[in-house]
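> Modelling step: build the complete structure from the supplied sequences, incorporating the hints.
Protein sequences, first through last, are from chains Z and V.
Each residue of the first sequence is one higher than the one before, starting from 0 at the first, in numbering that gives the first Met the number 0.
Each residue of the second sequence is one higher than the one before, starting from 0 at the first, in numbering that gives the first Met the number 0.
Wrong hints could be hidden among the right ones.
Quick list of the computed label-pair ranges, beta carbon to beta carbon [stated by the list, open to error]:
id, chain 1, residue 1, chain 2, residue 2, range
1, V, 87, Z, 92, 27 to 33 Å
2, V, 50, Z, 212, 42 to 48 Å
3, Z, 150, V, 107, 15 to 21 Å
Simulated from the structure, these hints should not be mistaken for laboratory data.
Note that the Cβ used here is the ideal one computed from N, Cα and C, for glycine as well.
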Amino acid sequence: MSDDRNTRETAGDQTGTGGIGRRAFLGAAGAVAVLAPGLGLAAHAFEARPDGVPASSKHRWGMLVDTTKCKSNCHVCVDACNKENGLYEEADPKDTAQYIRKLTVHDPDTGYTHYLPVMCQHCTHPACVAVCPTGASFKRADGIVLVDRHICIGCRYCMMACPYKARSFDEYTEKNQKWYNPRGLGCVEGCTMCAHLVDEGKDPACVTACNKTGGGAMVFGDLKDPTSEISKRVATEQTTQIRADLGMDPGVRYEGI
Amino acid sequence: MAVMVLSAVALGSAAHAGSDAGAHAGWPHITKPIKGTHCVKPVPYMLRYHFDLLLHQREITLRKGVHGSKYDLTNCISCHVNKNANGQYIPINAPGQFCQSCHEYAAVHIDCFSCHATTPQGGGDDQTAAR
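This is how it looks when you write it as C-alpha cells:
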C-alpha cells in the first residue's frame, strides 16, 4: 500500500496537475473543509458510486446517534441540513420544512433530560411506503426512503402514517432550489439521508457538521458492511431504535435513550 | 392533442432554425445553446420526444439512483440556459427563454420547474464546479 501511495504521489508531481502532490492536495482540501463545514473530508469506509451504476441492496445505509454527546443548545445538524438541502424559514415557522429536528426528552420522575436529533429513520418496512396511494413514497435499493415528487399528489397520508413525524408538506411556491434536491408546492418531502452526498461517497450533511463543529454524536455508514464503524459499534454497544415495537426496523439507531 | 400541437410548432420553428430563429412573427423564440455543438439526440428527435427522454430518465435517476446520464435535466439546462447582460443566468422557464418560449406558444404548462432548479449550479456536466 505504501509503495502504491508513493508511486501515486510521485506521479502526481510529474504529470503536472498544477504541481500538487497528494499530501499538498490533502492539505489544501483540509483548508477548504475548514472554510466550508459540511463539505469537508471525513474518514470513509464507503466509496462514491460510479456514474451509470444503480443503488444496490448490498448496502444498507444507517446512522448511529450517541445522545450522551448531543448538546442542548447545539443545532449544527439542523442548520447544516437546511443549508445543504435549500430549506428556508417560512413566514409561518410551523410551515417550515423539517428534514431533521432536535428533540428534548425529559423524565419528570428523575429529572433526567437529554437531547437527540430525529429525522427520517429510513425504515426497512416504512409505513409511509405502505400507505402511499400513488407509489410516490418509495425505498431505494440501498434502504434510503425517498419521495418521488413526480407522482406525489400531496395527500399527506405518509405524514400521518410516519410515527417519527419525519415528513413535511411544502405549502409554498419554491424558488432557488438546489439542483440535487428539487422541491416544490404541493408535495411531501423529508430527509433524503443526503442521498446525493452518499452517492458521491460523502457523509450526510448533518453527520459531517456534528463531527466537525457539534458534539461528534453521529456516525453514518453501511450496516451491511461488517467492517464499517457503524456495524462494529451496533454489534458491541447497546443501541436502540425508536419505537422498535412497530417492527419497521429503522436504519437510524440511538445510544443513551 | 397538446403534444401534437407542440411538436408541430417545434418542427415548424426548426425550419427557421439559424440566425433568424424566432424572427418570424408569431413563432416561439428558440435561443441558441450557450455551449456544446450538438444535442444528446438529433434535433428533430428532441423536438418530438424530449419529454419521453425526461420521463424515462426521472425513473432511472430518482428511483434507481443512477447518476451521470446524458439525459439528465441538469444537462439540458447547463447548455440551453442564457445569461443576462450582467453575466447572471436567466431561469430557463422565464418568459422568452428556451423552454418557456415554445411551451408558452403551444400553451403546454411545464411542471418540471415547480420543483427543479432553473439555472446551472454545478450539476450534471458541471459537476466538478464548486458547490
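> Hints first: check each against the structure and report whether it holds.
The hints, checked one at a time:
no.: 1; hint: 87(V) x 92(Z): 27 to 33 Å; verdict: holds, 31 Å
no.: 2; hint: 50(V) x 212(Z): 42 to 48 Å; verdict: holds, 44 Å
no.: 3; hint: 150(Z) x 107(V): 15 to 21 Å; verdict: holds, 19 Å
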